[in-house]
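Asker: Sequence:
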Amino acid sequence: MPFEPLHQESLIQQRWMEAQAFRAPRASELKPGDRTFYMLVMLPYPSGRIHMGHVRNYTLGDVVARFRRMRGDKVMNPLGWDSFGLPAENAAIKNGIHPALWTRANIQEMKGQIQKMGISYDWDREIATFLPEYYRWNQWFFLKMWERGDVFRALRNVNWCEALGTVLANEQVVDGKDERTGHPVVQKALEQYFFAITKYADELLAGHDQLDWPENVKAMQRHWIGKSEGARLTFDLAGGEKVQVFTTRLDTLCGVTFMALSTEHPFIVKAAESDPGLKAFCDQVAAMSREDRLMSDIKLGHRSRLEAIHPFTGERIPIFAANYVLMDYGTGAVMGVPAHDERDHAFAEKYGLPIPKVIESENPWEPGILVNSGEFDGMTSEEAVDAMVARLGGRAEKAITFKLKDWGLSRQRYWGTPIPTVHCPHCGVVPEKAENLPIRLPEDVAFAGAGASPLLTSPTFLDCACPACGRPARRETDTMDTFVDSSWYWMRYLDPKNAELPFAKAEADAWSPVDLYIGGIEHATMHLIYARYFHKIMRDLGLASGDEPFRKLICQGMVLKDGFKMSKSKGNIVDPDEVIAKYGADALRLFMIFAAPIEKEIDWTGFEGIDGATRFLRRATRMVEEHVPTRDPLPAKDQLTAEEKTLLVKLHQTLHKVTDDLDHRYQFNTLVSSLMETSNALADLPADAPHRGAVMQHALEVFTLMLSPAAPHLAEQLWQTLGHEGFCMHAAWPVADPAWLSADEVTVVVQVNGKVRGRILVPASATGDERRAAALACPEALHHLEGKEVVKVVVPPGGKLVSIVVK
RNA sequence: GCCGGCGUGGCGAAAUGGCAGACGCGACAGACUCAAAAUCUGUUUCACGCAAGUGAGUGUCGGUUCGACCCCGACCGCCGGCACCA
0 MPFEPLHQES
10 LIQQRWMEAQ
20 AFRAPRASEL
30 KPGDRTFYML
40 VMLPYPSGRI
50 HMGHVRNYTL
60 GDVVARFRRM
70 RGDKVMNPLG
80 WDSFGLPAEN
90 AAIKNGIHPA
100 LWTRANIQEM
110 KGQIQKMGIS
120 YDWDREIATF
130 LPEYYRWNQW
140 FFLKMWERGD
150 VFRALRNVNW
160 CEALGTVLAN
170 EQVVDGKDER
180 TGHPVVQKAL
190 EQYFFAITKY
200 ADELLAGHDQ
210 LDWPENVKAM
220 QRHWIGKSEG
230 ARLTFDLAGG
240 EKVQVFTTRL
250 DTLCGVTFMA
260 LSTEHPFIVK
270 AAESDPGLKA
280 FCDQVAAMSR
290 EDRLMSDIKL
300 GHRSRLEAIH
310 PFTGERIPIF
320 AANYVLMDYG
330 TGAVMGVPAH
340 DERDHAFAEK
350 YGLPIPKVIE
360 SENPWEPGIL
370 VNSGEFDGMT
380 SEEAVDAMVA
390 RLGGRAEKAI
400 TFKLKDWGLS
410 RQRYWGTPIP
420 TVHCPHCGVV
430 PEKAENLPIR
440 LPEDVAFAGA
450 GASPLLTSPT
460 FLDCACPACG
470 RPARRETDTM
480 DTFVDSSWYW
490 MRYLDPKNAE
500 LPFAKAEADA
510 WSPVDLYIGG
520 IEHATMHLIY
530 ARYFHKIMRD
540 LGLASGDEPF
550 RKLICQGMVL
560 KDGFKMSKSK
570 GNIVDPDEVI
580 AKYGADALRL
590 FMIFAAPIEK
600 EIDWTGFEGI
610 DGATRFLRRA
620 TRMVEEHVPT
630 RDPLPAKDQL
640 TAEEKTLLVK
650 LHQTLHKVTD
660 DLDHRYQFNT
670 LVSSLMETSN
680 ALADLPADAP
690 HRGAVMQHAL
700 EVFTLMLSPA
710 APHLAEQLWQ
720 TLGHEGFCMH
730 AAWPVADPAW
740 LSADEVTVVV
750 QVNGKVRGRI
760 LVPASATGDE
770 RRAAALACPE
780 ALHHLEGKEV
790 VKVVVPPGGK
800 LVSIVVK
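Here the first sequence is numbered in numbering that gives the first Met the number 0, starting from 0 and rising by one per residue.
Do not rely on the hints blindly, as some may be mistaken.
[Said to hold, decoys possible] DSS-like, lysine-lysine: derived pairs with alpha carbons at most 25 Å apart: (1) K356 x K143; (2) K535 x K432; (3) K176 x K187; (4) K567 x K110; (5) K198 x K397; (6) K754 x K791; (7) K73 x K551; (8) K535 x K551; (9) K567 x K93; (10) K569 x K93.
[As the list claims (entries may be wrong)] Simulated restraints on C-beta separations: (11) N668 x K226: 50 to 56 Å; (12) E146 x E228: 18 to 24 Å; (13) A467 x E228: 39 to 45 Å; (14) L461 x R25: 37 to 43 Å; (15) I297 x P131: 37 to 43 Å.
If you're looking for bench data, these hints aren't it; they were derived computationally from the structure. Ideal Cβ placement from N, Cα and C applies to all residues, glycine included.
Can you make the complete structure from the sequences, with help from the hints?
Answerer: Structure below.
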């Protein structure tokens, strides 16, 4: 059969499907001693069409999954849909299509496209997060976490648009206005639900040690969690009240000349009520958009009428409201030490405050030796902290602060998991009973666009009975952040139809943790922190074992076009579907893994790369077509000609390397190079080689098996042509034969003073001394030894080289 | 500013302390063809040379080593993340 990718590929896909070739076993089907491998790619959002990023991600995962299967592992390789979220709701508002219909249509479209790529997913395990069978478990987790005290309610600011009467996501707000209608957006505090993720902050930080993850991802998470060790210190106010600050530099306490509080700090808010100047300043800061606040590093402050008392000196310290103090970090109040903090310094200069030096060190912002600090003079910063804590008694204690915030999960949206609580006029906020799950999204809603959240328009949803007292109550209309959906989905794949639990412990123990997780770097912090958090919750609920969900993580690079991210707005999208239609899935897969190392960007400058992949596949096909299949056994080594032996040595050396690339190194671009080298070596075997039939049969079989993970459709076709029944994808991965890993004779490089001066051919069995002697007799080397004294001859292990040192 | 990563041909890249540039793209030359496409063969780091060859070469400078793209130190440049976090 000639190389006809499209025709062949769909036929082969159909055969795989009919044979359930990608099916992953249930835990009960696994036998003792079975090796399992859980290959996971990040859950896609069903936006409508797949893009090259998906293609790259799924191809890489599929190469690993197929390789592991051939190695004899039991492989879990599932896919599903992250199918709640804003785009579906926007489409509903814009086109009047119900989000469910829009979502279903997109999933169907994208699934078809992915299937054309020949990715070996076990589609029986497919999940979609918008289905009640899935999101009921989000609700179930919420209730379990509520019981454990991992859920709480608190006020948090949202982007509120008064004209629309709705809440907007950050990306919908541009320049303080709704992106579509231009109506003004303000910050408004709403009572919302939170997961207490900060309880796990320390464990999330420590857990990195056991993870085989890219260093930059771990660094981003460390930064995000932002652990900071210091002290909490209470100052008395002149009026008798107390204000607490957090500082990492308690040692600088004697250098405090002012105190700065966030404009949102309760004391400032209260003081502003009777201080119009302060009120005006706070309003001015509040009116600044988030971007403006971040962009400007200008320190603004306003002196309040409040004063604090220095705990050592009793001096009065002015209290300012300042724009550079954040309410949601630490205590929202800082002690100003202008001599030893860059920001405080700028502030003090601007407002004419004294800047007394209390630390002697090279860099004023770094710790050192205390001066002008009374009894603490001469101490190191470290000693001073302990001494001051002791001296301050109950006013100060060592404390740790995190940047990580508790996870606000409320969304004032329709297309998400309804939060399973009820507002009862008598009982307050009450969790729904577990047996009433799922709380389904209602159908009778209006997507007017303007106005309230669609859930508020559904009487059948709103009116309910209080789970506690049974009297009429109102259902919660907030839905969950879609990150909840993706924080445990990989466990649901293991038991996707379980109606009793999110998944059975037996399945979790059989497959978890995920062995390899591949996805985009854009999920380095949010998704990958939430998922790690949820895994720990699942562990603590007794559902899963182990501390971490993803053993190894690889973040694949983006696919660009002419240096830019492909996007609709730029009009530079290369549609995978069209490429597959023209070149076939195998060529696209091969190009995707060959073009660059996995974590680097690929720039799709043109179609030359994929042309190259196609040429290679054609050559391979032709080589197999021209070969006459034979069952003749491979003759003994000593009967073969030099060329035949050269081919077999190259073949087995390459096999060894390819196995290593796939098994340990996860280096896929060199896998393809190796395949090309093998094919070139095959082409070099003389047409009249005496044992050509048997040698080629063996070599082509190994080649086809090695090709199978990357270009699985063609491999099936070639496998058949070579005279085999059954699927190539189910054949055993070949093992490199040690007899062929080295040739009879090997080339030894001769170096003189580190420069390559000659090469000699020695028997593979030659000892180190024999190699040394042969090297010293090498004519090209001798030329460079003339008139010099040989100081030393090094024959390193491996014997591929002899290094001669002369003077 | 802080954190992480990366600097190798015309381009994508390879080399797990041991022959730098595998493999591919592009380019050039040739074969086939009336011609083109496709395909095949060869050349392709730079300098000098007809050639054999010689010398230089992995951002820069230094170090360790018989031997460094690889390890160590300093610097330069680029990319990514975070960014008033007290």
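Asker: Against each hint, give a clear statement of whether it holds in the structure.
Answerer: How the hints compare with the structure:
1. K356 x K143: violated, 54 Å
2. K535 x K432: holds, 24 Å
3. K176 x K187: holds, 14 Å
4. K567 x K110: holds, 21 Å
5. K198 x K397: holds, 18 Å
6. K754 x K791: Answer holds: K754 to K791 is near 15 Å, not above 25 Å.
7. K73 x K551: With a Cα-Cα distance of about 18 Å, the restraint between K73 and K551 holds, given a limit of 25 Å.
8. K535 x K551: Distance of about 17 Å is within 25 Å: holds.
9. K567 x K93: Judged against 25 Å, a Cα distance of about 18 Å means the pair holds.
10. K569 x K93: holds, 22 Å
11. N668 x K226: 50 to 56 Å: Distance hint for N668, K226 is violated at roughly 38 Å.
12. E146 x E228: 18 to 24 Å: Distance hint for E146, E228 is violated at roughly 32 Å.
13. A467 x E228: 39 to 45 Å: Since A467 and E228 have Cβ atoms about 43 Å apart, the given range 39 to 45 Å holds.
14. L461 x R25: 37 to 43 Å: Between L461 and R25, where Cβ atoms are some 41 Å apart, the hint holds.
15. I297 x P131: 37 to 43 Å: violated, 52 Å
Hint violations for this structure: numbers 1, 11, 12 and 15, all remaining hints satisfied.
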